[in-house]
Structure formats: structure tokens, C-alpha cells
Amino acid sequence: MADIHVEEFYKDVAIALVQLYSTFPRRINVFVEDIAGPDEPDEFGLHSKRHMACFGALLWLAEEGLLRYVDTIRQEALDQAVLTRHAFIRLSAPAPVSLTQEFGIPDEKSAEALPRSIQEDLSTHIHLVRTALRSGNSARISQVMRATFFADRSND
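For the sequence shown, full-length UniProt numbering begins at 1 and goes up steadily by one.
None of these hints come from the bench; they were simulated from the model. Accuracy of the hints is not assured; some may be wrong.
Cβ pair distances, simulated, as ranges [as the list claims (entries may be wrong)]:
no.: 1; residue 1: His86; residue 2: Asn29; range: 20 to 26 Å
no.: 2; residue 1: Ile4; residue 2: Pro25; range: 32 to 38 Å
no.: 3; residue 1: Leu59; residue 2: Arg146; range: 18 to 24 Å
no.: 4; residue 1: Arg26; residue 2: Ile4; range: 30 to 36 Å
no.: 5; residue 1: Gly136; residue 2: His5; range: 28 to 34 Å
no.: 6; residue 1: Met52; residue 2: Pro94; range: 33 to 39 Å
no.: 7; residue 1: Pro96; residue 2: Pro41; range: 40 to 46 Å
no.: 8; residue 1: Arg50; residue 2: Ala93; range: 27 to 33 Å
no.: 9; residue 1: Glu43; residue 2: Ile73; range: 31 to 37 Å
no.: 10; residue 1: Asp42; residue 2: Ser22; range: 29 to 35 Å
no.: 11; residue 1: Leu46; residue 2: Ser135; range: 31 to 37 Å
no.: 12; residue 1: Pro38; residue 2: Ile89; range: 32 to 38 Å
no.: 13; residue 1: Arg134; residue 2: Pro94; range: 18 to 24 Å
Virtual Cβ for every residue (Gly too), placed ideally from N, Cα, C.
Use the sequences and the hints to build the structure in full.
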């Protein structure tokens, strides 16, 4: 079992990437509270460790070239964030067949009745990320995010 902070990291970045993909190429503000839940700063104005971990995950996505943003809004949001070309291509790319089968996504033979565009959409990394988030299963979210981060980079 992974450390809880790593599982929270995978969930936070999955939610952020889905938000950004859903609005691509429009720039949006990405609020930590929308990802990690409400947070009340303490009497000194400091956020909780959970809030700061989520904020750190958003900054990490930018440092790793998966998103761009104009500025931070205190430690509460990224202002005018958008996916990078690299992230958009990665999320739109087909996921490994072994992973899609594990998630019950029909393979080409069993999905022949579906239009080709639907077949292609069902096999993408972003579809798997959304499916894993809907399941609420931390292990599945972690597995999909690892596959997305470590996917074959020859297409990038």
C-alpha cells in the first residue's frame, strides 16, 4: 500500500488534469478548495497540511511541464491555468490495452458495434483517469496516474 500522501497526490493531480482537459484550450483558475475540499486557515492564516499538499501538487504539475499558469492567487489557486501541449497529447493518447481491459473498457473486437470515434475516446488516458476518479478507488486512481505519467513518451 502506498503512503497516503502519495495517493492524495495522484487524486489531486487527476482532478486538476480532468478540470483542465475539460476546458482546454481555455484558461481557467484552478482552486485548491475545488480539489482538496474546504480549508479554514488557522489563527495565523496558515492552511492545513492537506491544503498545502494539494497546492504543491498543482505547482509540481507546472514545474514538470504539464500545465502553465499566469500567477498564483495566494496559496489558494492557480490563475489562468491551461494544459501544455505535452499534457494534452499525453491525456489524449491511447492507454495500454492491458490497462483498458482491466478497467472494463471494450477492446477493438468487442467494441466493433461502436463508432470508431467512440472506440478511440474510450481508450484514452483521460477516459481512464475520469473512470478511475468516478470509482473513488485510490489504488485505481494511483495505477492510472502512474500509467499516464510514465506512458511511452515517443509521441510527445
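Hints and how they fare:
1. His86 x Asn29: 20 to 26 Å: Taking Cβ atoms as reference, His86 and Asn29 lie about 21 Å apart, which means the hint holds.
2. Ile4 x Pro25: 32 to 38 Å: Check passed, 34 Å falls within 32 to 38 Å.
3. Leu59 x Arg146: 18 to 24 Å: 20 Å, holds
4. Arg26 x Ile4: 30 to 36 Å: 33 Å, holds
5. Gly136 x His5: 28 to 34 Å: 18 Å, violated
6. Met52 x Pro94: 33 to 39 Å: Because 35 Å falls inside the window, the suggested range holds.
7. Pro96 x Pro41: 40 to 46 Å: 42 Å, holds
8. Arg50 x Ala93: 27 to 33 Å: Given range 27 to 33 Å: holds, Cβ gap about 31 Å.
9. Glu43 x Ile73: 31 to 37 Å: Violated: the Cβ-Cβ distance is about 22 Å, outside 31 to 37 Å.
10. Asp42 x Ser22: 29 to 35 Å: Holds, since Asp42 and Ser22 (Cβ atoms, about 33 Å apart) stay within the stated range.
11. Leu46 x Ser135: 31 to 37 Å: Taking Cβ atoms as reference, Leu46 and Ser135 lie about 33 Å apart, which means the hint holds.
12. Pro38 x Ile89: 32 to 38 Å: Once the Cβ atoms are compared, 34 Å apart, the range 32 to 38 Å for Ile89 and Pro38 holds.
13. Arg134 x Pro94: 18 to 24 Å: 20 Å, holds
The structure is inconsistent with the numbered hints 5 and 9, although it conforms to all the rest.
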